[in-house]
Every structure is written in structure tokens, then in C-alpha cells.
Amino acid sequence: MTEEKQSATITIINPQGLHMRPAYLFAETASRFSSRIEVVKDDMRIDGKSVLSILTLGATQGTQVAVEAFGPDAQAAVAQLVQLVTSGFPDESGKTEAEASHF
Amino acid sequence: MKFCNFVKSESIKVDLDATSKEGVIRELVNALISSGMLTAEQEEPIVQAIMKREELGSTGIGRGIAVPHTKHASVSQPVGTVGISRGGVDFQSLDGEKVQLFFLLISPPDRPGDHLRALENISKQLQDDTFCRFLKQSKTANDVRQILEEADNNQFVS
Chain B
1 MTEEKQSATI TIINPQGLHM RPAYLFAETA SRFSSRIEVV KDDMRIDGKS
51 VLSILTLGAT QGTQVAVEAF GPDAQAAVAQ LVQLVTSGFP DESGKTEAEA
101 SHF
Chain X
1 MKFCNFVKSE SIKVDLDATS KEGVIRELVN ALISSGMLTA EQEEPIVQAI
51 MKREELGSTG IGRGIAVPHT KHASVSQPVG TVGISRGGVD FQSLDGEKVQ
101 LFFLLISPPD RPGDHLRALE NISKQLQDDT FCRFLKQSKT ANDVRQILEE
151 ADNNQFVS
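Sequences listed follow chains B and X, in order. Numbers 1 to 103, taken from the numbering used here, label the letters of the first sequence in order. Numbers 1 to 158, taken from the numbering used here, label the letters of the second sequence in order.
Check the hints yourself; a few may be wrong.
Heads up, simulated DSBU-like pairs for lysine-lysine below, C-alpha to C-alpha not over 30 Å straight-line [claimed, not checked]:
(1) B:Lys5 / B:Lys49
(2) X:Lys136 / X:Lys8
(3) X:Lys139 / B:Lys41
(4) B:Lys41 / X:Lys2
(5) X:Lys136 / X:Lys2
(6) X:Lys8 / X:Lys98
(7) X:Lys139 / X:Lys98
(8) B:Lys49 / X:Lys124
(9) X:Lys98 / B:Lys5
(10) X:Lys136 / X:Lys98
(11) B:Lys5 / X:Lys136
(12) X:Lys139 / X:Lys2
(13) X:Lys98 / X:Lys124
(14) X:Lys2 / X:Lys124
(15) B:Lys5 / B:Lys41
(16) X:Lys124 / X:Lys52
(17) X:Lys2 / X:Lys98
(18) X:Lys139 / B:Lys49
(19) B:Lys5 / X:Lys2
(20) X:Lys52 / X:Lys98
(21) X:Lys8 / X:Lys139
(22) B:Lys5 / X:Lys124
(23) X:Lys8 / X:Lys124
(24) X:Lys2 / X:Lys52
I should point out that these hints are in silico values taken from the structure, not numbers from a laboratory.
Next up, chain X with everything else stripped away, as it sits in the complex (with noise of 0.2 Å):
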């Protein structure tokens, strides 16, 4: 599944504001609504069942990424946004290190499969170190969004 079937490219947030765990994965879920892929009630159920995920273990995965996420029933495609966060965020990481870049993700818990496919192509382009790098040098939200569409014409992976 490509970044433009489920990241709305208005949704990206460049200079993340938040300094906490939960902080981040509001702020993310605040700018899916803003970008109208949420509705305003969504969002205290969503944060606290991403946050009842991270209980389980970290989604911060070492090198400065995390993916939260969750299946969630009030949504029923998958929902998805990356955020960057300049300063990087203390998330618990696997490696300990702090996390710049985000991907969040929510599915409908009705289809595994879908939810697979956005990580497989999250955790596909996220194995090339030019595109996070690229990603983490991102200025603006078209930047991010020109490089997600350069991964979707798969120009990092082979």
C-alpha cells in the first residue's frame, strides 16, 4: 500500500511542538483532524488506545523512528501521517535513542491485511537510509510529501 493511499498530505507536521511520548501522538492525531481524515471526538479514544499499544512496548524502533499506531474501529480505511520533530522525543526507543521521525497509523481492526501493507511500506522505505535521512532534513510539509511521492514511484527501494 503506497504513502498516498493513506497519508494526506495536508496532515504532515514539520516542527513538531510536543516534547513527550503522548504529546507527539496528539499533536499527530490534533493534525488528522485538522486536516479533516479525523473527526474532534476521535481524538481522546485514538491517543489513549496508541498509548494503551506503547504499554505492550515501544514503537520506537532504534535510529530515530517510531511508527505508533493502532487498530481502531472509528476508522475504516487506513489513516496514517508522519510528523518530525526537531529536537526528537524521549519514546522509550529499542536502541534508547530519541526519535525524530514518526509515523502514525491507525486501521480499522477489520482488516489486518490493509494495516500489514502500510507497514510493510512504511518498514520498506524506512530500511534505506537515504530516504529517512531525506526525511529528516525535510523543511516543509511539501518537502516531506514530494519525498513520500518519490517512494511511491519507488525511487529508494529497488
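This is chain B alone, in the form it adopts within the complex (with noise of 0.2 Å):
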């Protein structure tokens, strides 16, 4: 069986970067996918499940991050994540992150 693979660029728009919080949010969702799914950052590769990770990359507002996913769901996980991360990471409230900016 041939790996599918999806890769999208993105870029943070959110002012406070890739904090806690949303690293959480992106974990969560790429976690519900059977894909493997990776973040690239100019030399770095991490694993996108994982919230210590994607702290590692330490990305501020206006960097630009490749996701990558591999397996079976991996066109519906960067979908996803595409719009998780270009939404700015709204949190349950529906709020966006600029509105609820000091956590």
C-alpha cells in the first residue's frame, strides 16, 4: 500500500505565536487523524502530535511552518490544521486568540 501524503505552507497569524494553548489545539486535532503528521520549521521536523514538540519551534506571529501529513486521512488532516491555524485559534468561546490575548 502507497503512503498518501498531503503538505501545506502556513503562517502564523496569530499575535502571540505558537504558545501553549494553540500548540495544545493543533496536538489535539492532528491526534484525532491515523496520519503521521509532521511540522517543519527551516531545519526542523517534529512530530505535530505532540504539544512539547511544536513549543520547540518556538514560532512567532508571521513564521512560516510546512505541515505534513502521511497515512490514509492525511488530505482531511492538513485540511483541518490549515484552517485550525489560519482561523488564529479560536477557543471555545469563539473568541479569537487577539481578543483573549493575555493567556
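Relying on the hints, combine the two individually framed chains into one complex.
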């Protein structure tokens, strides 16, 4: 069976960057898929399902990262992760991070 | 951002007494007050801000580690400390395990890059099992200080 690969390059738009809460939301979303998910920034390639690994990117606003998924649901995974990042990581109350920036 | 840039060794607590989430956070904030990194007036608002952040989702990231934190306008640079609980504390962690190792961090809201660089350093080091094991085994604040210093000198992560 050939492994499906899907990738997209996205820019972190939320003012606070990929701090812990967005990192957690990203890892949680990524973990819903069976595909292996990796995030690439410059020469770093990390496990997109691990909060700690995402934090090691230190990705500030404006940083470009590539999201790569390998597996049967790669396409859906990348689509959903791109949606999450480009929406600026809204929290449960629907507020964007800019409105709740003190976290 | 290296540990020495935001952790003052006088604030490190190796034998936390508290057994609850709020208790541990308060004990660590008080350690920062005793070491002169925060003032007594900052205790309540900062403890409440960190607890409010915990309500959004526990900062207990698993493997016995938690990184309680907040952004607070009353600090002008990232302020952090390290705490160790021998018995472990229920922190509603992602993996359900009790937490022994705490990295508490308070950052100014207007410097998100500094906050990210502090988190980046903490998370990089925490990925190293030896670093975590040494910290959990530390008997004194001085042991912790030495491990942080070695981490700052890249002795754990290549």
C-alpha cells in the first residue's frame, strides 16, 4: 500500500504565536487522525501530535511552517490543521486569541 | 531564552508542601515573592490569572510535568521558577498522572516573543529524559540550579 502524503505551507497569524494553548489545540486536532503528522520549520522537523515538540519550534507571528501528513487520512488532516492555524486558534467561546491575549 | 534569564535560583522549591493545584501555584508564586522577583501585592492577581489559564485546559503536559503560566501586565520580563513535589499533585494532566515537576512562568503580555522563547527552552529541555529524571531526583535547590546551568550550556540537548 502506498502511503498518501499531503502538505501545506502556512503562516502563523495569531499575535501570540504558537504558545501553549495553540500548540495544545494543534496537537489535539492532529491526534484525531491516524496519519503521521509533522511540522517543518527551517531545518526542524517535529511530531505534530506532541505539544512539547510544537513548543520547541518557538514559532512567532509571521513564521512560516509546513504541515505534512502521511497516511490514509492525510488530506483531511492537513485541511483541518490549515483551517485551525489560519483561523488564528479560536478558543471554545469562539473568541479569537487577539480578544483573549493575556493567556 | 536560557533558564538563567528567567529563573532566579533563590526561588526554586524542591520540597513543595502543597497537595492541590492552586496550592502548588500559590506556593511557587510565594517563592518568587520571597526571592524578590515579585511583590506581595502581585500574589493574588497572579495566582488567579494562572488558575484561570488552567481552566482553559491543564498545563499538565504528561510524564509528571506541568508548566503553569500566565501573561500578566505587572511583570516587565519573563519570571519563572521550578518546583518539585515528592508525592506528586493531581493537576488534571493530559495523561492523568500526578505531577512532580513544575515550571511556573509569568510573562509580560506585550512581549509574546519572549514568552515563546522561554517556553521553547523549557520544552526543548523537557524532551530530554535525563534532564527530567535528574530534576525529579534533585535533593536541594542547588542541585536544580546546577542542572539548569548544565541545560543552559547545552549539556542535555544537542
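Consistency of the hints with the structure:
Of the supplied pair hints, the one linking Lys5 (chain B) and Lys49 (chain B) holds, its CA atoms being roughly 16 Å apart against a limit of 30 Å. Using a Cα cut-off of 30 Å, the hinted pair Lys136 (chain X) and Lys8 (chain X) holds, with the two alpha carbons roughly 18 Å apart. For the proposed pair Lys139 (chain X) and Lys41 (chain B), the alpha carbon gap of about 38 Å is over 30 Å, so the pair is violated. Note on Lys41 (chain B) and Lys2 (chain X): the hinted pairing holds, with a Cα-Cα distance of about 21 Å set against a maximum of 30 Å.
Between Lys136 (chain X) and Lys2 (chain X), the direct Cα distance comes to roughly 20 Å. Compliance with the 30 Å bound is thereby established for this hinted pair. The suggested pairing of Lys8 (chain X) with Lys98 (chain X) holds, with an alpha-carbon distance near 25 Å, which does not exceed 30 Å. Among the hinted pairs, Lys139 (chain X) with Lys98 (chain X) is consistent with the structure: their alpha-carbon atoms are about 19 Å apart, no more than 30 Å. Between Lys49 (chain B) and Lys124 (chain X) the CA atoms are separated by roughly 15 Å; this keeps the pair inside 30 Å, and the hint holds.
The straight-line distance between the Cα atoms of Lys98 (chain X) and Lys5 (chain B) is roughly 38 Å, outside the 30 Å bound, and the hint therefore fails. For the hint linking Lys136 (chain X) to Lys98 (chain X), the alpha-carbon distance of about 13 Å falls within 30 Å, and the restraint holds. As the CA atoms of Lys5 (chain B) and Lys136 (chain X) are separated by approximately 40 Å, the hinted pair breaks the 30 Å bound. Between Lys139 (chain X) and Lys2 (chain X) the CA atoms are separated by roughly 22 Å; this keeps the pair inside 30 Å, and the hint holds.
At roughly 21 Å between alpha-carbon atoms, Lys98 (chain X) and Lys124 (chain X) fall within 30 Å of each other, so this suggested pair holds. Between Lys2 (chain X) and Lys124 (chain X) the alpha-carbon distance is near 11 Å, which keeps this suggested pair within the 30 Å criterion. With a CA separation close to 18 Å, the supplied pair Lys5 (chain B) and Lys41 (chain B) stays within the 30 Å bound. Our distance criterion of 30 Å between C-alpha atoms is met by Lys124 (chain X) and Lys52 (chain X), whose separation comes to about 26 Å.
Taken as a hint, the Lys2 (chain X) and Lys98 (chain X) pair is honoured in the structure, with Cα atoms around 27 Å apart against an allowance of 30 Å. With a CA separation close to 33 Å, the supplied pair Lys139 (chain X) and Lys49 (chain B) exceeds the 30 Å bound. About 37 Å separates the Cα atoms of Lys5 (chain B) and Lys2 (chain X), which puts this hinted pair outside 30 Å; it is violated. Annotation: proposed proximity of Lys52 (chain X) to Lys98 (chain X) holds, straight-line Cα distance about 20 Å (limit 30 Å).
Pair hint Lys8 (chain X) plus Lys139 (chain X) holds up; C-alpha atoms about 17 Å apart against a cutoff of 30 Å. For the hint linking Lys5 (chain B) to Lys124 (chain X), the alpha-carbon distance of about 28 Å falls within 30 Å, and the restraint holds. Among the hinted pairs, Lys8 (chain X) with Lys124 (chain X) is consistent with the structure: their alpha-carbon atoms are about 19 Å apart, no more than 30 Å. Pair hint Lys2 (chain X) plus Lys52 (chain X) holds up; C-alpha atoms about 27 Å apart against a cutoff of 30 Å.
Comparing the model with each numbered hint stated earlier shows that hints 3, 9, 11, 18 and 19 do not hold.
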